[in-house]
Amino acid sequence: MSVLLDVHNLKTYFYTRKGVLHAVDGVSFNIKKGEVFGLVGESGCGKSMTALSILRLVPFPGKIVGGEIIFKERDLLKMTEEEIRKIRGNKITMIFQDPNTSLNPVFRVGYQVDEIQMIHFPKKALSEIRENTIRLFEKVGIAKARIRRNEYPHQFSGGMKQRVMISMSIANIPELLIADEPTTALDVTVQARLIRLLLRLKEEYDLSILLITHNLGLVAETCDRVAVMYSGKIIEEADVYEIFDSPLHPYTKGLMNCIPRVDKDIERLEAIPGYVPENYGGWKYCIFAERCKYCSDKCKSSVPPLKEVGNNHKVRCFLYE
Amino acid sequence: MLKYIMKRLLLAIPTLLGVITLLFFVIRLAPGDPVLYILGDMATSERVAALRKELGLDKPLIVQYIEFMSKALRGDFGRSFSNGMPAMERVLKSFPYTLQLAVLGTLIAIVLGLGIGIMAAINRNSWIDLISTTAVILIASMPIFWLAILLIDSLSVQLGIFPVQGVGDPENPFSVLWHLLLPAITLGLGMSATIARMTRSSLLEVLNEDYVRTAWSKGASKYVVIFEHALRNALIPVVTIIGLNFGYLLGGTVLLETVFSRPGLGTLLIEAVYARDYPQIQASVFFFSLVFIMVNIGVDILYSFLDPRIKLR
Amino acid sequence: MREISRQIVIEKQSLRQEEEKVRQSELMIELLESKYFVLGMIIFTSIVLMAVLAPFISPYDPIEQNMRETLQPPSSKHLFGTDPFGRDVLSRIIWGSRISLVVGILSVFFAALCGVPLGVIAGYFKGKVDLILSRLIDVMLSFPGIILAIVIMAVLGQSLNNVILAVSISMIPRFARIARGQTLAVREKEFIQAAVSLGASHLTIIWNHILPNILTPLIVQSTLSLGSAIIIEASLSFLGLGVQPPTPTWGEMLNTGRQYLYTAPWIAYSAGFFITLTVLGFNLLGDGLRDVLDPKMRRI
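Top to bottom, those sequences are chains A, B and C. The numbering used here puts the last residue of the first sequence at 323; the count rises by one with no breaks. The numbering used here puts the last residue of the second sequence at 368; the count rises by one with no breaks. The numbering used here puts the last residue of the third sequence at 453; the count rises by one with no breaks.
Please note that a few of the clues may not be correct.
[Unchecked claim] Part of the chain B face toward chain A, derived, beta carbon under 8 Å:
(1) Ser256
(2) Glu260
(3) Tyr266
(4) Thr269
(5) Ser276
(6) Arg287
(7) Arg364
[To be verified] Calculated Cβ distances over 12 Å to all of chain A for the following chain B residues:
(8) Lys58
(9) Gly130
(10) Phe150
(11) Gly170
(12) Ala190
(13) Phe217
(14) Arg268
(15) Ala330
It is worth saying that the hints were derived from the structure and are not from the lab. This one's a predicted model, so the numbers in the text were calculated from it and none came from an experiment. C-beta: ideal position from N, C-alpha, C; glycine also.
Just need the whole structure built from these sequences, with the hints factored in.
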């Protein structure tokens, strides 16, 4: 499979009163055509910022300070504002976590999906665009699409609003869809249906998906490959089966132990003691050391590199030197 | 929609009744006898009794109240002590001058305020922002009549551009407009300060909202994001502020009519106050309240057009 | 069972009190960092000093007339010149600050004293009580502030007390409205329900739980209202409806100054400058306080 998106040494820093937060601290990965790539981690690990950096939507006081993001042989980070606008909503689209706040409350939902088409295909007839929106609504499972397109977001439920967002994101048939915790704010039953919808659309349009989540169950169901992030860096990356079968990094192992499993006999769920630290000024040593039961002196003195240990499995830990 | 307007109008009635009641009792709080004041100390007791009877002041209070209320609701506030004309008639004659000033002043305030607020928000923390914020907070600290004096001194006295007072020749619309400009600019400038501040902070808040991020992610241009997506939402609290500050507008109109010697409703009120012309005071204040209540209803309706989430109940 | 829950409540209270102390000192530091607050404080203190020390720093008697020195431009003898009665403008400015500050502070105080309980009761008890009280507030709100003040002065006659009364009454609605809105919001919070379930009386709940939580926007509103009060007083004086001459007030000086604008601009300009400066000080204070006390309303 060919590589669609190649992120190389991405650095996004936040300049705050408390110091420089290295939200994304030298992150590298690639997404192949037609695959679902999962970016996993707890809140604050930098996965959302990585996603926003791809489309250069990093909010103030953040700034992308280094790295390259190669998409179709061009570095997205070096494009002009004009050029990146042509990519946003067109070749690379994004759906966000909270559907309740992601739609503009004063515009009708139909118009908001029309708009994404009008922006990138200004010559297209409005009637054609409006029909297309109705078809999209039907495809994502919004009943009575012709009538409902004239309603406002507050008249839709959370799950329905997310469907509108999904229809918006596939309207121009993108190549890469970034989904930032698309189901976190929704009921479990709604979650399942929306994920099935996303996978169906992926097959139909041959999409690649970058799925950001902290839900390992979701990862298991949907992803082909996974990267685990911690405090701004990727600490493990592998195929999905590989990472669930044999997690290498102590953090990943800890994450696995947090969830109940059907395929294993577990007496109790272990929690990882402590909490994810904020990465001010970059890692000076392995930042997971304080929470790690395998921590050694080397871990407290230098930063472990991300190393490939065979089988397309990479890990950032001195245990595997 | 029609139902809502009807309902609000209905609800306004008790408020109006309250206003009329207040006017009735407040006037009676005045020390001194209005009859003696009109006739002077030298009046004979027959004349005093006669006037008292004519004004209905000899009847029991409750009767006076009911008579007052029923007349007031028909717009009859009696005759002005100053010139004998029906008080409400004088009110209606002066109102157009006040209306002109209020309308033009509001228009100028909105254009100026929105413009400055948007500019400051887009160029946040730049020198444009700093200068406009300083200017805004300075103007907001000035009494409107002081602002008027400053503008008069610079534009009328020193530079001789605008006329200092009066309303011009009522037959000549250009003359009327020319005399209206400086007062309207003063009013607009004074009101624009609050609008600018509210616009700036509201827009900055909205620009941080998720749906604006969605708009960016769709590939929309800066213009579309700010003026279509953000502004529509940012204007909602601004409209509220304009509505809330309508009282300031009316108050400002009263003061400016004094400064610019315009024969509007405000001047009528002030003169009535100087002359202890109670019927005139009552009629004028009642009319002010009426206008105020109507404008508030109008603002609420406008509000509902801007925000589809608001259901007019 | 009651003993245990009471102990828990007491422990929580003392913990909260300690947290409060820490938070208050943090707040103080933040306040001092705010440029607006500091500048506002400087202006405020200067004006207050000017008012308090008036008898000592005023070069002349503000109401002493001197018909041989009328309408003199600023000079070393009269730093701000003289007015049409030969009175020293600087002295009148200094003494005028007393009226402005006294009216301002007392009006806001009384307006809050009446308005806040009104609003809290309306918001707390809701239902019929709210309906009646809200109508009352609406009636008061249907007069623009200055017009209400004008009518009151017209009816009661001119004196310092009446000015304070008039300005207070015209500002009661805004305090009532904010207090009501805030009370409605706080009322629904869970700790109120907790207090009710513990059997606290209405008065206790209002005093201990509601009032502390609605304090912040009320404090901000008070500081901003000080500026409004001063402007309303100046407006009344400007119209000749304020405190009687010969007591010097800035508003009356502006009125006189307007008539002599061409021949003696120093009268108007000094009065106008000081009114603006004082109100500016209060506005800056209010802004600074708001930035620090209420992060949601922060100047972004």
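Structure-based check of all given hints:
no.	hint	verdict
1	Ser256	violated, 16 Å
2	Glu260	violated, 13 Å
3	Tyr266	holds, 4 Å
4	Thr269	holds, 5 Å
5	Ser276	holds, 7 Å
6	Arg287	holds, 5 Å
7	Arg364	holds, 5 Å
8	Lys58	holds, 21 Å
9	Gly130	holds, 41 Å
10	Phe150	holds, 36 Å
11	Gly170	holds, 21 Å
12	Ala190	holds, 25 Å
13	Phe217	holds, 41 Å
14	Arg268	violated, 6 Å
15	Ala330	holds, 51 Å
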